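A.B. asks: One letter stands for each residue in the lines below.
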Amino acid sequence: MSTPYAKLPAWADYGLIPVINLFVAFVVAGFVVLLVGENPFRAAAVLVEGAFGRGQGIAFTLFYATTFIFSGLSVAVAAHCGLFNIGGEGQGYIAGLGIGIVCLAFDSVLPWWLTFPLAIIAAAAMGALWALIPAYLQAKRGSHIVITTIMFNFIAASVMVYALVGFLKPANSMAPQTRTFLDGAQLPKLNWVIELFGAKIRSAPFNISFLLALAMAFLVWVLIWRTRLGYEMRTYGHSSKAARYAGISETRIIIVAMMISGALAGMMALNPTMGDQHNVALEFVSGAGFVGIAVALMGRLHPVGIVLAAMLFGMLYQGGAELAFEMPAISRDMIVIIQGLVILFAGALEHMFRPYVQALFASLSPRSVGMEAIKGKGA
Amino acid sequence: MDMFNAIIQVLDSTIRLSVPLLLACLAGLYSERAGIFDIGLEGKMLVGAFAGAAAASVFHSAYIGLGMAILISVAFALVHGFASITHRGNQIVSGVAINFIAAGSTIMLGQAWFQQGGRTPALAPGERFGAIIWPGADAVRGVPILGPIYSELISGHSVLVYVAFLAVPFTWWVLFRTRFGLRMRAVGENPAAVDTAGISVAWLRYRALICTGVLTGIAGAYLSMVQNGGFVKDMTAGKGYIALAALIFAKWKPVNAMFACLLFGFLDALSIRLQGTPLPLIGKVPVQLMQALPYILTVILLAGFIGKAIPPRAGGVPYVKER
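Chain order of the listed sequences is A and B. Note that our numbering numbers the first sequence so that position 221 is 221, with each residue one more than the last. Note that our numbering numbers the second sequence so that position 151 is 151, with each residue one more than the last.
Chain A with its partners taken away, still in its complex shape:
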């Protein structure tokens, strides 16, 4: 009997293989750049320069990363429970409704540090609610969560158009967006942290929701690996049969996991609305929910990995904007391709290079992959 996926040392499993997968994704992306007649190496240089070259770029990179940490965590929490929440986009979008209502109601009366917690609760509650219905249907009626969450993305889009051309926009305005939030619903910037290191920033939307994202990453780690609920979720994710045998309620665990996932996706809406645009506009999520899938897979569903992967995608978004400016043949949709390639190579094809890496390790040091034990048994 062959051992398809024998153990690798942890650093190879969590470091080397993702890096190889990522590298291959970028090589393929390089061919796409060649296809439109540009030099991939120069494109990569422009991208990195745009993301990290100046303080301005770093601040934007971290701003984008903030949103992706939330959406990545959202996908990861559901994935640990064996559920594929592809509805982060809709859950984040609908959370804009809660944020809009809270901010419009309180921005003239409360200071930001009181509006912010209220908005967090509203965003999380709306996101969780939007995940609750698909979760309930999966748990009770057996309808596939992937399809229902996709459908809920479309329904969310319709609801938000209805709200934004209806009661959320000011009566005297034509644009489908809320009025600009007052100071009471604008999050303080964190640009000064980067300026401490001597970089200059003109204006960038990097704000304190980044700290909330880091706190959530820590809390997700606690939840998944240090609590009973997290243990139950992982058990259910590994084997629903084992979970049922252990007396874990299937309905409860699916609904709880999806609501946490939805709440995290909902919080993603805080950053672009209260942190940057200071309003709720049409399509403000703009695909960030889907980026979460790539981020979670890239980060191997671990909060630390997710934060790093979110930084990487923040870099791609910021650098990609610069790239689209420098090379007209490359539009920002290049990022969508890279995202797809990362999902393909880090997700669906994650085991493609494993046998080769294993063979390499086995030839260098058989002990490290546990080959001796197997050989000993055979002899």
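Hints were generated in silico from the structure; no laboratory data involved. Computed from a predicted structure; not experimentally measured. Warning: the hint list may mix true and false statements.
Claimed, not checked - The calculated lysine-lysine pairs, modelled on DSS-like cross-linking and capped at a C-alpha distance of 27 Å, are: (1) K169/A with K140/A; (2) K251/B with K140/A; (3) K241/A with K7/A; (4) K7/A with K321/B; (5) K233/B with K241/A; (6) K140/A with K7/A; (7) K241/A with K251/B; (8) K189/A with K200/A; (9) K321/B with K140/A.
Use these hints to put chain B onto chain A, whose structure you have.
C.D. replies: Here is chain B on its own, set in the frame of chain A:
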């Protein structure tokens, strides 16, 4: 008579709108019956639409466009196969990846090659599939009731519409009357049994995915070369997912699939027709509700309030030979 004409018009657009759904739904049927979940129908339709319109406008031939649409769509189907059959990856993740690669690359290549903001150039009449007027369609137009039904509903569609509806009995025949179909259904229910009989599970599944690619390619070509005179970015607009829902609603059966797609097409046609018109009893329905209706209905259907759908048993599970 006005009422009758309105009904004929709605039914006519029902047929037009259900064709891409039907082709994509049958495409999904081949792959899911063989045990491969395919959430990437959307993406394959999109690349098909782009490749078709791009090739048709460059080579000035609708048939070269169609061929290119099928070719590229099959290539994407094979990528899905490579990830989910050969490397036993997660089929849903692979499908999602394909959708993203399709969405990004069609816009970017379209912009780089044609410089029209992600569109392809508008197709001239010879580069699109024109309507086929059936014999006598104009002559009987004046006949009450049957005349309009013959000349509007049955005649006057492009060749791809007839291909789509002929694909239904053909798929039924392949699935239930051929050796390939029997084996394909078996590989979706119990691949180990097929393997024991000495038939390659992987090769069967690959062949099923090639069928999927051909059909999604035609669906894409229909979108960009019949319904619309060129490719517009994100023109599939969720049709691949609706087709998937129709497939579940149809319980993975070809004839049911046709009726499910006609139903979704009818809803779509109705929502376009009823935009802004007040309904009796309900009053004016918001446009957004009408637009969301197919999705809401899908969720209700999926919730199993209208019959229970049981998927092919081996669906979504990569086949490992040794177990």
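A.B. asks: Does each hint fit the structure? Answer for all of them.
C.D. replies: Hints versus structure:
For the given pair, K169/A sits about 38 Å from K140/A by alpha-carbon distance, which is inconsistent with the 27 Å threshold. As the CA atoms of K251/B and K140/A are separated by approximately 19 Å, the hinted pair is consistent with the 27 Å bound. At roughly 25 Å between alpha-carbon atoms, K241/A and K7/A fall within 27 Å of each other, so this suggested pair holds. In summary, the hint linking K7/A to K321/B is supported, as the alpha carbons are separated by about 21 Å, within the 27 Å threshold.
In summary, the hint linking K233/B to K241/A is not supported, as the alpha carbons are separated by about 44 Å, beyond the 27 Å threshold. With a C-alpha separation of about 37 Å, the suggested pairing of K140/A with K7/A is violated against the 27 Å cut-off. With a C-alpha separation of about 26 Å, the suggested pairing of K241/A with K251/B holds against the 27 Å cut-off. Taking the CA atoms of K189/A and K200/A, the gap is near 14 Å; set against the 27 Å cutoff, the hint holds.
Taking the CA atoms of K321/B and K140/A, the gap is about 34 Å. The hint is violated against a cut of 27 Å.
In summary, the numbered hints that this structure violates are 1, 5, 6 and 9.
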